[in-house]
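Participant: Chain residues, written in single-letter form:
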Amino acid sequence: MDLALLAQHALNGAMLGVIYALVAVGFTLFFGVLDVIKFSHGDVVMLGAFTGLATSIGLSSAFGSVPPWIAVIVITLTAVAAMALVGALMAKFLVLPLHKAPTLNVLLITLMAGTVIRESVRLFYPQGSNPKPFPRLLPDGAVNLGRLTLRFDSAILLAIGVIAIVGVHLLITRTRLGLAIRAVAQDPETASAMGIPFQATVLATFALGSGLAALAGVVNGLYYSEVNFSMGLLLGAIGFSAAVIGGLGNVYGAILGGFIFAALQTIGAVALPIASAYKDVFAFGAVIALMAWKPAGLLAERSAERV
Amino acid sequence: MKALGLEIRDLTVGYDRADVLSGVSLVARPGEITCLLGANGSGKSTLARAILGLTPPRAGTIRLGETDITGLPTHRVVAQGIGAIPEGRRVFPKLSVRENLRTGAYLVRDHALVASRMAEVYRVFPRLQERSDQLAGTLSGGEQAMLSIGRGLMGSPGLLIIDEPSLGLSPRFVKENFQVIRRINESGVSVLLVEQNVHQTLDVAHRGYVLSGGRVVAEGTADELKRHPELVAAYFGH
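Heads up: the protein sequence lines correspond to chains A and B, in order.
1 is the number of the first residue of the first sequence in the working numbering; add one for each residue after it.
1 is the number of the first residue of the second sequence in the working numbering; add one for each residue after it.
It is possible that some hints are incorrect.
Claimed, not checked - One side only, chain A facing chain B, incomplete, derived with CB under 7 Å: (1) Asn12; (2) Ala183; (3) Asp187; (4) Pro188; (5) Ile196.
Claimed, not checked - Examples of chain B residues lying across from chain A (beta carbon under 10 Å, computed): (6) Arg49; (7) Leu52; (8) Gly53; (9) Thr74; (10) Gly83; (11) Pro93; (12) Asn100; (13) Ala105; (14) Leu107; (15) Tyr122; (16) Met154; (17) Gly155; (18) Ile161; (19) Glu164; (20) Leu167; (21) Gly168.
These are computed hints drawn from the structure, not numbers from a lab.
Note that CB positions come from ideal geometry on N, CA and C, so glycine has one too.
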């Protein structure tokens, strides 16, 4: 394989890695503050993508043709805001009431909530059971750097994802909310004894994680130009795996895990003498091996020292 | 903030079916150090938790200054002017020293005010300044105790609740700790000191209560309590 082709695959892998990292950060944040696994997270990714799709249809029927870059901004912000709200509501009405119950109950109730979201989109979105074309809003062109083709849309999506990840890092490490999230994750009782509101911090964390899920959904839609009601199943499983191999509860582990999973998929698709359809089999198999090797994740921390 | 008094009436607190505190009444006067003595399991830490709203009471009232704080969520209790130095120090291990101090002033949004209070804590505990970028989990036990005290002061509380500050510290440091508590009080902060260490506690406290089996069994000025040797012997065995 020559260098240009290798770079091309690396670029595509990075694109996937960004999407997976955005999903995985949500899993790790929820686990960090509340010790829960929210299994509806993948379906929130999907709902975010469909919210973006509906917004773009609404935009063009209300205003005719809208400059594509405005459409991208409006779609992204609407989807992120809507899913942030959905995430906060789910935390308030599904997760927090079960806070004192066994964590298995939270896992079950969010699993069911995810099914409700998925089936609702299938049944109530017009022709929801079919794949839907997602509008191509990003510039079509590409630049040829030698024999490496850099598509503008990929470059823009990659930039959006990287900015979001850097933004999360700054929010967690530099802001008052980030301090509250980290304090609650490490010791909720002492955090509240310092005046940090527990419930508000949990709701903000779920809003943040779910907003990132919506961003992942929209980026995914723009990248593949297609969304469907069941896309959240695989993205959820991948995001969860990424968070676990990185070390559940560690934000940087989740980001690392997202890129590792994307790398595994890319290797499975192009570098191994197997049909590319088996790339997920290879990637998940490798995850199983990684977990057997490092059961607590690559950036493992003791459970008392999270986020 | 000016020193705040605390008044507890007929407080009953329990977990599951058992009451840990039954009908406890006590007063912590503004500007004084009030100590809460008792053996392990006497309910004194539960009382501290109830005041902070960490364990909601079943009956009774808790008033801080003029405000009824009974049943308020913890962060609202703290907002009324209570500072906490929890049992076991409970610093946030993966936050830096500076970030730990910042959490103590979480309710203060004025950066300049936070900075000046942090400078004040660093003046009292220069060791913390040397380690301000270090993760709190890497500090020694004594340094963590300083950090926990500093963090409790960052909110400039009117009443400071200090739970078992001498637990697990070397004797030399315990002595220093009591001196620090006295200085904090002299700077105009009421203190509720929960302790097992009878002698040193009664040396710094103005007044005190002795808890046993979830009830107040003795109260009075520190000197009066010191003159109850049989009481002290009965409950603490020395």
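Participant: Next step is simple, just say for each hint if it's right about the structure.
Facilitator: Checked hints:
Nearest Cβ of chain B to the Cβ of Asn12 (chain A): about 35 Å, over the 7 Å cut. The hint is violated. The interface hint given for Ala183 (chain A) is met, as the beta carbon of that residue sits about 5 Å from the closest beta carbon of chain B, less than 7 Å. Of the supplied interface hints, the one on Asp187 (chain A) holds, with its beta-carbon coming within about 6 Å of a beta-carbon of chain B, less than 7 Å. Evaluation of the Pro188 (chain A) hint against chain B yields a violated restraint, the C-beta minimum of about 10 Å exceeding 7 Å.
Against a cut-off of 7 Å between C-beta atoms, the interface hint on Ile196 (chain A) holds, since the closest Cβ of chain B lies about 5 Å away. Because the closest C-beta pair between Arg49 (chain B) and chain A is about 9 Å apart, less than 10 Å, the hint holds. Against a cut-off of 10 Å between C-beta atoms, the interface hint on Leu52 (chain B) holds, since the closest Cβ of chain A lies about 6 Å away. Restraint check, Gly53 (chain B) versus chain A: the minimum CB separation of about 8 Å is within 10 Å; hint holds.
Hint status for Thr74 (chain B) relative to chain A: holds, with the closest Cβ pair at about 4 Å, below 10 Å. Checking Gly83 (chain B) against chain A: minimum C-beta separation of about 9 Å stays under 10 Å; hint holds. Interface hint status for Pro93 (chain B): upheld, as the beta-carbon distance to the closest one in chain A is roughly 5 Å, under 10 Å. A distance limit of 10 Å between C-beta atoms decides the matter here; for Asn100 (chain B) the minimum to chain A is near 9 Å, and the interface restraint holds.
With its C-beta approaching chain A no nearer than about 8 Å, Ala105 (chain B) sits inside the 10 Å limit, and its interface hint holds. For the restraint placing Leu107 (chain B) at the interface with chain A, the shortest Cβ-Cβ distance is roughly 4 Å, inside the 10 Å limit, so the hint holds. Evaluation of the Tyr122 (chain B) hint against chain A yields a violated restraint, the C-beta minimum of about 18 Å exceeding 10 Å. Hint status for Met154 (chain B): holds, given a least beta-carbon distance of 8 Å to chain A, under 10 Å.
With a least beta-carbon distance of about 6 Å to chain A, the hint placing Gly155 (chain B) at the interface is held under the 10 Å criterion. With a cut of 10 Å, the hint placing Ile161 (chain B) at the interface with chain A holds, because the nearest CB-to-CB distance is about 9 Å. The interface hint given for Glu164 (chain B) is broken, as the beta carbon of that residue sits about 14 Å from the closest beta carbon of chain A, more than 10 Å. The interface hint given for Leu167 (chain B) is broken, as the beta carbon of that residue sits about 15 Å from the closest beta carbon of chain A, more than 10 Å.
With a cut of 10 Å, the hint placing Gly168 (chain B) at the interface with chain A is violated, because the nearest CB-to-CB distance is about 17 Å.
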